[in-house]
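*Asks:* Take a look at the letters that make up each chain.
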Amino acid sequence: MTLGLIINPVAGIGGRVGLKGSDTEAIQREALRRGAEPQAQLRTAQALEVMLPMKERLELVTAPGAMGEDLARRLGFSPRVVGKLEGETTSAGDTVNAAIEMARLPVALLLFAGGDGTARDIFTAVGTNLSVLGIPAGVKIHSAVFATHPRNAGEIAAATLGGERINLREGEVVDLDEEAYREGKVATRLYGYLSVPYRPHMLQNRKAPSLAADSARLEAIAAAVNEAMEAGWSYVLGPGTTTRAIADRLGFPKTLVGVDVYTCETAVELDVSEGRLLELLKDKPAKIIVTPIGGQGFIFGRGNQQISPKVLHMVGRENILVVSLVEKLNALQGEPLLVDTGDPDVDAMLAGYWNIIVGYRERVVYRAAS
Amino acid sequence: MKRVSPKPMPRRFHQASWDEPVIFELSQPGARGVLIPEVEAGIVQEVGDVAAGLPEGLRRKTPPALPEMAQMHVLRHYARLSQENLGVDLNIDIGQGTCTMKYSPKVNDQLARSPKLADLHPLQDESTVQGILEVMWKLEQFLKEISGMERFSLQPGAGSAAIYTNVAMVRAYHESHGEGAQRDQVITTIFSHPSNAACAKVAGYEIITIYPDADGYPDLGALQAAVSERTAALFITNPEDTGIFNPRIEQFVETVHAAGGLCVYDQANANGILGITRAREAGFDMCHFNLHKTFSTPHGCGGPAAGASGVRSELAPFLPKPTVEFDGQRYFLDFDRPQSIGKIRPWYGVAQNILKAYAWIMALGADGLREAAETAVLNNNYLLKKVLEIRGASAPYAKGKRRIEQVRYSWEQLNQETGVHSEEIGFRAADYGTHYWTSHHPYVVPEPMTLEPTESYSQADLDEYAAILKKIADEAYASPETIHTAPHNSTGHKIHHAPFDHPDEWAVTWRAYLRKTK
Numbered sequence: 001m002t003l004g005l006i007i008n009p010v011a012g013i014g015g016r017v018g019l020k021g022s023d024t025e026a027i028q029r030e031a032l033r034r035g036a037e038p039q040a041q042l043r044t045a046q047a048l049e050v051m052l053p054m055k056e057r058l059e060l061v062t063a064p065g066a067m068g069e070d071l072a073r074r075l076g077f078s079p080r081v082v083g084k085l086e087g088e089t090t091s092a093g094d095t096v097n098a099a100i101e102m103a104r105l106p107v108a109l110l111l112f113a114g115g116d117g118t119a120r121d122i123f124t125a126v127g128t129n130l131s132v133l134g135i136p137a138g139v140k141i142h143s144a145v146f147a148t149h150p151r152n153a154g155e156i157a158a159a160t161l162g163g164e165r166i167n168l169r170e171g172e173v174v175d176l177d178e179e180a181y182r183e184g185k186v187a188t189r190l191y192g193y194l195s196v197p198y199r200p201h202m203l204q205n206r207k208a209p210s211l212a213a214d215s216a217r218l219e220a221i222a223a224a225v226n227e228a229m230e231a232g233w234s235y236v237l238g239p240g241t242t243t244r245a246i247a248d249r250l251g252f253p254k255t256l257v258g259v260d261v262y263t264c265e266t267a268v269e270l271d272v273s274e275g276r277l278l279e280l281l282k283d284k285p286a287k288i289i290v291t292p293i294g295g296q297g298f299i300f301g302r303g304n305q306q307i308s309p310k311v312l313h314m315v316g317r318e319n320i321l322v323v324s325l326v327e328k329l330n331a332l333q334g335e336p337l338l339v340d341t342g343d344p345d346v347d348a349m350l351a352g353y354w355n356i357i358v359g360y361r362e363r364v365v366y367r368a369a370s
Numbered sequence: 371m372k373r374v375s376p377k378p379m380p381r382r383f384h385q386a387s388w389d390e391p392v393i394f395e396l397s398q399p400g401a402r403g404v405l406i407p408e409v410e411a412g413i414v415q416e417v418g419d420v421a422a423g424l425p426e427g428l429r430r431k432t433p434p435a436l437p438e439m440a441q442m443h444v445l446r447h448y449a450r451l452s453q454e455n456l457g458v459d460l461n462i463d464i465g466q467g468t469c470t471m472k473y474s475p476k477v478n479d480q481l482a483r484s485p486k487l488a489d490l491h492p493l494q495d496e497s498t499v500q501g502i503l504e505v506m507w508k509l510e511q512f513l514k515e516i517s518g519m520e521r522f523s524l525q526p527g528a529g530s531a532a533i534y535t536n537v538a539m540v541r542a543y544h545e546s547h548g549e550g551a552q553r554d555q556v557i558t559t560i561f562s563h564p565s566n567a568a569c570a571k572v573a574g575y576e577i578i579t580i581y582p583d584a585d586g587y588p589d590l591g592a593l594q595a596a597v598s599e600r601t602a603a604l605f606i607t608n609p610e611d612t613g614i615f616n617p618r619i620e621q622f623v624e625t626v627h628a629a630g631g632l633c634v635y636d637q638a639n640a641n642g643i644l645g646i647t648r649a650r651e652a653g654f655d656m657c658h659f660n661l662h663k664t665f666s667t668p669h670g671c672g673g674p675a676a677g678a679s680g681v682r683s684e685l686a687p688f689l690p691k692p693t694v695e696f697d698g699q700r701y702f703l704d705f706d707r708p709q710s711i712g713k714i715r716p717w718y719g720v721a722q723n724i725l726k727a728y729a730w731i732m733a734l735g736a737d738g739l740r741e742a743a744e745t746a747v748l749n750n751n752y753l754l755k756k757v758l759e760i761r762g763a764s765a766p767y768a769k770g771k772r773r774i775e776q777v778r779y780s781w782e783q784l785n786q787e788t789g790v791h792s793e794e795i796g797f798r799a800a801d802y803g804t805h806y807w808t809s810h811h812p813y814v815v816p817e818p819m820t821l822e823p824t825e826s827y828s829q830a831d832l833d834e835y836a837a838i839l840k841k842i843a844d845e846a847y848a849s850p851e852t853i854h855t856a857p858h859n860s861t862g863h864k865i866h867h868a869p870f871d872h873p874d875e876w877a878v879t880w881r882a883y884l885r886k887t888k
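The listed protein sequences correspond, in order, to chains A and B.
Under the working numbering, think of the first position of the first sequence as 1, with each following residue one higher.
Under the working numbering, think of the first position of the second sequence as 371, with each following residue one higher.
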């Protein structure tokens, strides 16, 4: 029973002093100058306290000093420490190195305390190869890999390590462009996915809670799409786990954050750019299949900019399929799906009602707005 | 003599908790509830080995693995389990919204248990069962009047069976027009009862679901985008599970009719509109009632339920057979219906429930039915006001408007401020001796609670229920752990939903449990 723990000690430091993030050293210094107090230790302690009763049975593996060791010892754990800090202050590199170490062991679950930036670092290190759960401690927490409260992170970890059956979900790692955010613009990017133990209500999620695991419903969506695929057509699959299920069913690889092109017979090209799309689809019948990503319900213009206004114009609205787990639509709370391609005409074309595939022979008619 | 102090509100409740094993675990080899006498010698002499007459293939190789118990232990087992329940006769049962929990008059149970009904057999000659056939025929006339439809079948044995009956008739209708294969889609709304989508899906239709617009009304634009030459029918509840009446229902019906589809009104719960609106006037082609919701017969878990499917005369040929007919002299069963969809269940309907519903309607009369609906709506809006005074509660959609017979509330604010979830409030409500329900899954309204106070409940009942909710909300703000760790005084169990779909986590029979835990 091995638990990994990585704390990003500077996570959340920018939030209370209004700096909208803590991603660069300059910002961290400015935050400390403004009197910010580190939140990450406190938040992590709330999670670890849940696991105190299992302290004796638990092997805690953590990073040196403020990245976990200090707190673990203070709470009475006897941690095994991996790696060394590169400098006096911690950096993204330290997080990545520690996570790589833990994936190598491997630990049964890696708890990390931080925000979206930290989640990105963890993703860089381990991808979906390790069970990972975030303790919310950062300023920006938009990724679907965090518990709703540090205590819930502790509870899910305790249940996982205690041998309870917990389904894994792939949670989106999204992050704001901090430079743009400080200028008042909101722009998110999908960086990838982490494998997260899932419990309804306990995880910050982009989807409303559901009883069943996603996998069966994703398969149902894929079956519905596959059934309608025709020889001679090209199929452009946007990023996401829902679109990946379609490729899975065909037996083809799929990039999770990229745009990929297929026919019924083959994966034509993975991770294509706008330019390649225009070449590949020229004078050929093609369909584009996308799913809302990134949390705010965008179907075009976030995370799939390769499917540009030119591409969309060429393919036409009638050849666009939107697929989604119904929980994602429910989580929008009545807000419309969004499009923001940068071209007002194309946005207008994409606005209005979509007949969305949500299961095998199940659809939802839902509105999109630009 | 001193007066005793009045009872506290909410009441102090503590449920019996027997920690009772599963009945199979109580089995003692050799224990017997009944000793069956040996076959008498004279009979053996005359008949020989009776069992020898059974074909080999019909004989068990091993005896059935039933629990072996004395009568007293069987009785005690079930009596204990019954004390761990919160039935409709024990609690203020308004927390099971959409189910229309109302008082089922005991006198109607007595009536149904009378040998005049209980001793009848469905294979008896019509001439000997004129009484129950008359009740069936007259109940059909009542339901026709209540809905405006022109024929009914009382054959379906449940609400979903009635919806399935209607789905089957939709298909038969389109097939009779040569459009059976082409019309393969059924449209419904997310706040219609999910049995509509489920039954149509089971029957092979593709389901298209419409979401509400910003005001919480079904989105007409979405419907217009959904209809096509593939539309078989619209299956819709009105008022929906939110308690909101769709004011554009006629436009919905017109839109679907214009595309060649049929319109089917789910009136399983017609409790807020009895004597006020009718399916026919809204333009519907078909509808169904649940006798166990609106018409007071007990719900499925307390005995068999009953559904009633109604149609316009154009669709009457497709009704299940037989129908009950009256020629002015005598009542009879008509099996000669060549276009009928056939049988939905054996025989002619759940006769006991048909009798109970008939008796309930007869007791109330037309004015009484309308008064029941008006009282139910009044009760609901009274409770709505009381609930909205509770910190952390809200009623999403149709802000400031009244609701019909139920409300889907949200505890989202309470959840954000205290971390307490709606489902946990349900566990805590059991500590106060009341039942509480969230909503169908997946949740569309966040942290939902659905309450439906029917006409049966008094103002004091509603005040008590609201006081319990207020007490729980106060606890959530003061000591959320109390709620997180509930129930404390009742036998409910916390359920982890996540592994529900993993076969290692459940067994639906004792035999499967033994096999899986070997």
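Don't take each hint at face value.
As the list claims (entries may be wrong) - Coverage of chain A stretches by chain B, computed from C-beta distances (three or more under 8 angstroms per stretch; other residues unrestricted):
1) 131-140
2) 315-329
As the list claims (entries may be wrong) - Estimated spans, in silico, between C-beta atoms of each pair:
3) Lys864(B) x Asp248(A): 33 to 39 angstroms
4) Gly574(B) x Ser91(A): 54 to 60 angstroms
5) Arg317(A) x Gly574(B): 46 to 52 angstroms
6) Asp737(B) x Glu164(A): 33 to 39 angstroms
7) Glu787(B) x Glu49(A): 21 to 27 angstroms
For the record, the hints were derived by calculation from the structure and aren't laboratory data.
Where a beta carbon is used, it is the ideal one built from N, C-alpha and C, also for glycine.
*Asks:* Run every hint past the structure and note whether it holds.
*Replies:* Going down the list of hints, with the structure as the test:
{"no.": "1", "hint": "131-140", "verdict": "violated (count 0)"}
{"no.": "2", "hint": "315-329", "verdict": "holds (count 3)"}
{"no.": "3", "hint": "Lys864(B) x Asp248(A): 33 to 39 angstroms", "verdict": "holds, 35 angstroms"}
{"no.": "4", "hint": "Gly574(B) x Ser91(A): 54 to 60 angstroms", "verdict": "holds, 59 angstroms"}
{"no.": "5", "hint": "Arg317(A) x Gly574(B): 46 to 52 angstroms", "verdict": "violated, 29 angstroms"}
{"no.": "6", "hint": "Asp737(B) x Glu164(A): 33 to 39 angstroms", "verdict": "violated, 58 angstroms"}
{"no.": "7", "hint": "Glu787(B) x Glu49(A): 21 to 27 angstroms", "verdict": "holds, 22 angstroms"}
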